[in-house]
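Asker: If you're matching positions, the sequence shown starts at 2 in this note's numbering and goes up one per residue.
The hints are simulated quantities; they were obtained by calculation from the structure and are not laboratory data.
Computed from a predicted model, the values in this text were never measured in an experiment.
Where a beta carbon is used, it is the ideal one built from N, C-alpha and C, also for glycine.
Please note: incorrect hints may appear among the correct ones.
Unchecked claim - In silico DSS-like links for lysine-lysine, alpha-carbon gap of 27 Å or less:
(1) K64 - K18
(2) K9 - K45
(3) K64 - K75
(4) K75 - K9
(5) K9 - K64
As the list claims (entries may be wrong) - Cβ-Cβ distance ranges computed for the label pairs, FRET-style:
(6) E40 - L85: 13 to 21 Å
(7) Y98 - E21: 17 to 25 Å
(8) Y24 - V99: 15 to 23 Å
(9) R97 - T47: 36 to 44 Å
(10) T100 - P26: 20 to 28 Å
(11) I95 - E71: 32 to 40 Å
(12) G28 - E49: 46 to 54 Å
(13) D19 - E40: 23 to 31 Å
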Amino acid sequence: MAVRGINKVILVGRLGKDPEVRYIPNGGAVANLQVATSESWRDKQTGEMREQTEWHRVVLFGKLAEVAGEYLHKGEQVYIEGQLRTRSWEDNGITRYVTEILVKTNGHHADAGECTTAERSGATAASAEWSATEC
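Start from the sequences and build out the full structure, keeping to the hints where you can.
Answerer: Here you go:
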């Protein structure tokens with residue numbers, strides 16, 4: 002029997018720009034997000050504070066993509082749960098790769114037993130914390 006693994010990513014970060022929403026031929030929405038996470042530490046040799054920012058490509062589908070496009074804006078903090086996926090394509094004879102975090106939003110994309118929720122709380126878009134999760 003093959004052992005199934007767990008492919009789950011959780012991010013809490015800030016949007017680097019407004020979501021880019023497009024519609025695919027079947028009419029479904031797809032949103033691309035650029036999410037920054039940062040960590041800081043004190044350099045043991047110099048005593049200076051250091052910071053490193055990591056950028057993550059996040060892809061949302063369906064209604065969640067539409068909601069993200071309407072309510073999310075650059076600089077806002079987001080909570081994301083999803084799965085890592087690497088895809089490849091040919092560019093002038095060179096194979097290119099990109100790793101993205103896919104957030105599943107409905108039964109058409111989710112495996113059996115998975116569910117998803119999209120929550121938005123708070124009074125204003127600027128102050129609200131936004132969550133895209135799967136369970």
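Asker: Could you run down the list of hints and mark each one as holding or not?
Answerer: Cross-check of the supplied hints:
1. At roughly 20 Å between alpha-carbon atoms, K64 and K18 fall within 27 Å of each other, so this suggested pair holds.
2. A distance of roughly 33 Å separates the Cα atoms of K9 and K45; the hinted pair therefore is violated under the 27 Å criterion.
3. Our distance criterion of 27 Å between C-alpha atoms is met by K64 and K75, whose separation comes to about 20 Å.
4. Between K75 and K9, the direct Cα distance comes to roughly 25 Å. Compliance with the 27 Å bound is thereby established for this hinted pair.
5. The hinted pair formed by K9 and K64 meets the criterion: a straight-line CA distance of about 21 Å does not exceed 27 Å.
6. Hint check: E40 to L85, Cβ distance near 19 Å, so the stated range 13 to 21 Å holds.
7. A hinted range of 17 to 25 Å for the beta carbons of Y98 and E21 is consistent with their spacing of about 20 Å.
8. Hint check: Y24 to V99, Cβ distance near 21 Å, so the stated range 15 to 23 Å holds.
9. Between R97 and T47 the beta carbons are some 38 Å apart, a value that agrees with the proposed interval 36 to 44 Å.
10. Between T100 and P26 the beta carbons are some 25 Å apart, a value that agrees with the proposed interval 20 to 28 Å.
11. The beta-carbon spacing between I95 and E71, approximately 37 Å, falls within the hinted interval of 32 to 40 Å.
12. Checking the proposed 46 to 54 Å range against G28 and E49 shows it holds: the Cβ atoms sit about 52 Å from each other.
13. Between D19 and E40 the beta carbon distance is about 25 Å. The supplied range of 23 to 31 Å therefore holds.
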